[in-house]
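Asker: If you read the protein sequences in the order shown, they are chains A and B.
Residue numbers are given in the working numbering: position 297 of the first sequence equals residue 297, and the series is strictly consecutive.
Basically the working numbering = 1-based index in the second sequence + 478.
These aren't lab readings, by the way, just hints derived from the structure by calculation.
C-beta: ideal position from N, C-alpha, C; glycine also.
Misleading hints may appear alongside valid ones.
Here are some of the chain A residues that sit facing chain B, going by a computed Cβ distance under 10 Å [claimed, not checked]: (1) 433; (2) 434; (3) 444.
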Amino acid sequence: MSVDLEKLAQEEYKYGFVTDVEQEIAPKGLNEDTIRMISSKKNEPQWLLEWRLGAYDRWKKMKEPRWAFLRYPKIDFNEISYYAAPKSNPRPKSLDEIDPEIKETYDKLGIPLEEQKMLAGVAVDAVFDSVSVFTTFKEKLAEEGVIFCSISEAVEEHPDLIRKYLGSVVPRGDNFYAALNSAVFTDGSFVYVPKGVRCPMELSTYFRINAENTGQFERTLIIADEGSYVSYLEGCTAPQRDENQLHAAVVELIAHDDATIKYSTIQNWYPGDKQGKGGIYNFVTKRGRCLGRSSRISWTQVETGSAITWKYPSCVLEGDDSVGEFYSVALTNRRQQADTGTKMVHVGKNTSSTIISKGISAGEGQNIYRGLVEIGKNAEKARNYTQCDSMLIGDRCGAHTFPYIEVKNSTAHMEHEASTSKIGEDQMFYCRQRGLSAEDAVSLIVNGFCKEVFKELPFEFAVEAEKLLSVSLEGSVG
Amino acid sequence: MLEVKDLHVQVDDKAILKGMNITVEPGEVHSIMGPNGSGKSTLAQVLAGRETYDVTGGEITFHGKDLLDLEPEERACEGIFLAFQYPVEIPGVANTYLLREALNAKREYREEKPLKHIEFAKLAREKMKVLGIDEDLLKRSVNAGFSGGEKKRNEIFQMQILEPSLAVLDETDSGLDIDALKIVADGVNSMRDSGRSFIVITHYQRLLNYIVPDYVHVMVDGKIVRSGGKELAQELEEKGYAEF
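Take these sequences, add in the hints, and give me the full structure.
Answerer: Next up, the structure:
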């Protein structure tokens, strides 16, 4: 068994390679020129440049939030480069025009860009550092009227939609990292599903950080028009490096009447090494507006990567009878820290929300659940169910829970359950007595603990998530 | 196949086993009886490799190997099975999933090919019939929300699938009504053969009416104080443990 463990320990983070590709990288530092440069690179209209500059003005006046239960050194925003892009063809029409190195990168990551090689029924937008390098199945989706492209392309091709919706969920001055993102965002995905259309395939974006000393500031916008349905998944990885890298994304979702958006994340940014050196700082603002009646937004996240995670995918339930859901598995091993949870803001009548959070701490990891459930004064008969479970593996890790509940309407119905357990020595022994190795026993028990969340993921990704969890747990038992 | 010699075991500096000896040959059924706290369950746990017990002296050999050198999973793969007195619950893990993983771990250890889903399902269905286990029980999480009887039956079911060479039944009869007891006993009896041995730990003679042992041992204060044939169990039932 020990031989296998050694082998596995070396394989710990298998996405840590660097792609050698000629890159155009902006000089380090953040100022108006940087923003103008990004905007002109992307041929943006004047209004968007002004929008960015406005965000930058606000950001300059804001303080870095420190209320999270996270410890990390001060980030020097002038030591970061805000734009990195491969020098090759910026918007390839076909796969042949993509730099072979980049294509190979995605092959290595298990995301082949050739449509015939892809998982059937999944369309992919591949974002490499600051730019989208390719989007698959665009034509097929267009037949149904579904728009799936990079946000840069959407700015040029669908300016009305962008102008109408960009910042309509997360205003540019919403918070420190959202303002930073609004000023310097580079790429991300754009999805529009027209009225009554059930998107025929899973949409997914694969984010890859490659360049050194570069931040990735992605922006994703998904609009589901009346009666439509879309399931979207994002995956993320980054090379193994000694220095920390910043990733500050904004994701906005809009669901109109009777529309459903399922948004799943498998976050596997480089977590840093055992001593806590390196790893991604992941500061993300994700929010969805259930604008329409009976609309539904469902967030499912599996967070296993990053040195620091600061992330609260939220739902604003404005439409009557709308539904918000948050299913989360967050795992911290080694010196990882995650402060994550959700906000469910009930505005409309008969709105309901469900929160299922599973936190797993191993090694010296710190796992924090932070969640707000707010019932507005007009939210008659709103309902929330929160279940928040933590599991500890070993005795050097920590789990913390900060639930906030604000109820301004007396007809609300709230349920909150929480538990903390140590991975049972009894459970371990039971599995091992049946023949499972200690590693397999931990993985089995933890996967069982996360079952309720995994079953919310699209099938292919549920399998991937289970594997990822097992890999991330390696070395967590002596 | 199993030889326990002068075994001394402590928990938190408290001596529990104080010079335990027992030899089990292939095909034999041994019953260990004794009052509460005599160390019966400790022996079961130590045989299976529980790390909370300190073995301070003595030796255990199993099929010629030093058992104390092996990890719990290695012992399992070598053929030791413990039917737990209190089977644990593992939420979210399907009963059948754990069992297939376990069987395949054992097969891998023996350098055999893993069993495919469909092959495993067939095997499981066969064994289920014998024990009158509902298909539903397989899909449910391991022992979660099982009744006492279901838990014990599930242990025997696992034993049937894993086919150990030495099965240790730790008070498998406790909490069972007479019908469940018969099912469990049938499950054990159907597995008795010349190569497989059992150690049946129990308080009561009742179980031994159904699983008839070759040897009965009385354990008091950490060692075996008397051994005999199956008639010894009847004697204990009448007289109790007072004379020891």
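Asker: A separate judgement is required for each hint: does it hold in the structure or not?
Answerer: Consistency of the hints with the structure:
{"no.": "1", "hint": "433", "result": "holds, 5 Å"}
{"no.": "2", "hint": "434", "result": "holds, 4 Å"}
{"no.": "3", "hint": "444", "result": "holds, 6 Å"}
Hint violations for this structure: none, all hints satisfied.
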